[in-house]
Structures are given as structure tokens and as C-alpha cells.
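*Asks:* Protein chains in written order, with my numbering: chain A, 1 to 255; chain B, 1001 to 1158.
It should be emphasised that the hints constitute simulated quantities derived from the structure, not laboratory data. A virtual CB, placed ideally from N, CA and C, is assigned to each residue, including glycine. Some clues are possibly wrong.
Lysine to any residue pairs mimicking SDA-like chemistry, simulated, CA-CA at most 20 Å apart [claimed, not checked]:
1) A:251 - A:155
2) B:1028 - A:16
3) B:1028 - B:1054
4) A:189 - A:166
5) A:62 - B:1017
6) B:1119 - B:1105
7) A:251 - A:227
8) B:1028 - A:227
9) B:1059 - B:1023
10) B:1028 - A:63
11) A:62 - B:1003
12) A:66 - B:1105
13) A:66 - B:1023
The following residues of chain A were derived to be distant from chain B, with all beta-carbon distances above 10 Å [said to hold, decoys possible]:
14) 33
15) 103
16) 145
17) 208
18) 223
19) 237
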Amino acid sequence: MNCRDAEPLLHARLDNELDVAGAITVDRHLSECRACAAQFGALQNLREQIDSAQLAYTLPSKLEQKLASRFTSQGNWFAQLWRRPWRSVAVLAVATACITVLVMFLPTMWTADGSNAIAAEILDNHLHALQPGHLFDVESSDQHTVKPWFQGRTDFSPPVPDLTNDGFMLVGGRLEVIRQQPAAALVYKRRQHIISLYVSSSLGVEATPGLQDLGGYHLLHWSHDRMSYWAVSDVASADLGDFARLFDQTKGNRR
Amino acid sequence: MRSAYNLARWLVRNGQDAEDIVQEAFLKAFKALDQYRGGDARIWTLTIVRNTAMNFLRKRKTDNGVDLEQLQAADRSANPEQELLEENRREQVRRAIARLEPEFRETLVLREIEGLSYKEIAAVLNIPAGTVMSRLARARQRLLIELAPVKEVRHELP
Chain A
1 MNCRDAEPLL
11 HARLDNELDV
21 AGAITVDRHL
31 SECRACAAQF
41 GALQNLREQI
51 DSAQLAYTLP
61 SKLEQKLASR
71 FTSQGNWFAQ
81 LWRRPWRSVA
91 VLAVATACIT
101 VLVMFLPTMW
111 TADGSNAIAA
121 EILDNHLHAL
131 QPGHLFDVES
141 SDQHTVKPWF
151 QGRTDFSPPV
161 PDLTNDGFML
171 VGGRLEVIRQ
181 QPAAALVYKR
191 RQHIISLYVS
201 SSLGVEATPG
211 LQDLGGYHLL
221 HWSHDRMSYW
231 AVSDVASADL
241 GDFARLFDQT
251 KGNRR
Chain B
1001 MRSAYNLARW
1011 LVRNGQDAED
1021 IVQEAFLKAF
1031 KALDQYRGGD
1041 ARIWTLTIVR
1051 NTAMNFLRKR
1061 KTDNGVDLEQ
1071 LQAADRSANP
1081 EQELLEENRR
1091 EQVRRAIARL
1101 EPEFRETLVL
1111 REIEGLSYKE
1121 IAAVLNIPAG
1131 TVMSRLARAR
1141 QRLLIELAPV
1151 KEVRHELP
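Required output: the full structure, derived from the provided sequences and hints.
*Replies:* What follows is the structure in C-alpha cells.
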């Protein structure tokens, strides 16, 4: 090692920044080179002078208090929170609990006044009616038998069109109560498929019209003249759409 | 906080400015808390203090050298007569350091007064560790030259 290489390393040696091998190399050079040894001595002396000069400025106590009150006690709540592990765990737990409760109750809240709950109840009712002996209160393919049967049983007279020529045969009707509202359930048959059509003056009149699929069944809702219609069946959804269209077109004409 | 004030004080060489800079730097650090990516909080704070002080120095175009009166007045306790010479000696060192260019001054202050390693200094100043070493070498060489005549004078004293 020559003096040119050693010169900067003297500082690293002085500052204990060299690894063991580097320190040995520099020390060996210092033992051989008087100039560098003198320089190193001067640097050591300089360090002592700087140390003894006590050059560190002390923080004014007024500023220290000001900073302490400003940055450690108040306004720093959230930052402190995250510095303490147990608190962040607590916050996470509370947040998780809130989200869980929301997730559990949101569907209920969401559907409380919406059409989903009505649709589910109507499907239940339809499935129940498919059980033996539950399909009709009045069994008839004659619209003039079925329609009058609802007199006095509902506060409205449901349209009962004859759609036999269109492939939908009237087979009867029954009175149902859905969500505490009376509904006239008309039963039509498309080949072997049963269609229940619920007519009501109050059941989801404001609900969004449209087709829903529920457990393999199709549920079609529409409203007309302040009357609400819900058709449910396992028939193809296109057939159910045809049924609804024909029913709506025909109900005023052929009574 | 003490380190922060000391660094700022050495960089701007004025007590009131140093206080302002420390406050500004802490406010910045507090606002940037979300950018703090772990590691040594002291290094992080010193980095912000250093940058704030350097911005201040850049804006203050009229850097009229060392404020000697400030330095003399700084932290001086009542010294007995026999310590007067020693006190003068300390003052020489202070002035010599205060006269260094900012980049040499900050490196030397972080090393000699704050006792930071090259790696830590490199992090604060955002320079390579090798540059830390060469800056220290330059700074110390300057100090040796500045203090040399005084040293000779002292050798002549009884």
C-alpha cells in the first residue's frame, strides 16, 4: 500500500469503518510510513480537539416543550395508534366485526322492501301449490267460472283471459296471501308445465319489472293499471315471456 | 430532537433560524408520516431536517459567512480565568468548522458530533459512503490547516 491509497483510508481507520483486514493493512502501512503516521496522529489530535470543544448545541427547552406538545400528545392519535401493536389489533377486530355485521344484514336490509323478498315468497307459494291438492280452490278451464269465484274474496276482479288457442290452458284459480296481501293466483298449463300467475292490487306494484331465475324456476313481474302481476313457472323463460305478453294483450278483450 | 436541532444549528449557524427549521422539518415529517418506510427514525428525521436547512440556505442568498458573535455567545457558561485559554481554543475549533462549506460541514458534524456511521451519513445526505469518506478527508484537511498556527502558539505556552 502506498501513501496515495492510504490517505483516504486513514479517515476510515480513524472512524472505525474498516473491516479487520482493511484495518490491518492500514496499520501496517502506518508502522512503515512516518509521513502517514504523522498525518494519522494529526487527525487523532484533531478529533480530540473537536471532542473537547463540546460542539453540540443543546436544544432550547422552550422549543423542546413546543415540539413535544405539538407532535406527541395531541392530533397524533392515529399515528400513535399504529405504533402500538395491541391497539391496531383492536382496531382491526372492531373493523372486522362491523364488516361482518354489515355483510350479514345487508341482504336482509336490501331486500326488505324490494322485489327479491316478494319473488322468493311467491316461488315458495308456487312450490307449495304444486303439492297434491293445493293447486286450486276453483278448478275450471272456463274463465267465466274462475273469474267470478274471486268476487268477495279480493277487493279487485282479476282478469282471466282464455289463452287456450295460444297454448296456455286455464286450469283454475286459488286465493293466496302473500306478505299479508290477498292475491288471486290463476293457474295455467303449458303442456305439462304449471304456471301460477299472481294478481294483486298491492303486491310489489312499484317493484322493478323483469325476469328472475330462482332455483330453476323463472319469475316474471310486470305492472299494469295499478295492478301487479307475478308469473312463476318451470316453463322455458321464452314461453313465460309469451304468456305474459299474451295475457296482457288479451285480458281486456276476451273476458 | 437534540440531534435535529444541532444539525440545523450547525448548518444555518443561527439559533433562531435553526429553531424555525426544526419546527418546519418536524411538521414536514409529521405530514409525511405515511411515507415513512420503517428503518431508523432518527436518520429519517435528520434527512428531513438537513433538506429543510439546505433549502433555507439556498434561499438565503446573502450568506454572509460566519456569525461570529452568535458562535461566541452560544452556550457559553461562565469560565474561570485559567480556562480562558482553553475556551479560546474551543472557539477556534468552532469557527474553523463553521467556516467550512455546507457539504463538508454537515458531513463532519454528523460524524464528529452526532457520531453517525458512514452508512448512516450516506443515508441522510443521499450520497455514496465513499463520498462521505472523501468529504470527511477534505473537511479534516481544511481544519488541520486552519488550526495549525494556533497549535504552534499553544506549544510555545508554558
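*Asks:* Of the hints given before, which are not true for this structure?
*Replies:* 2, 8 and 12
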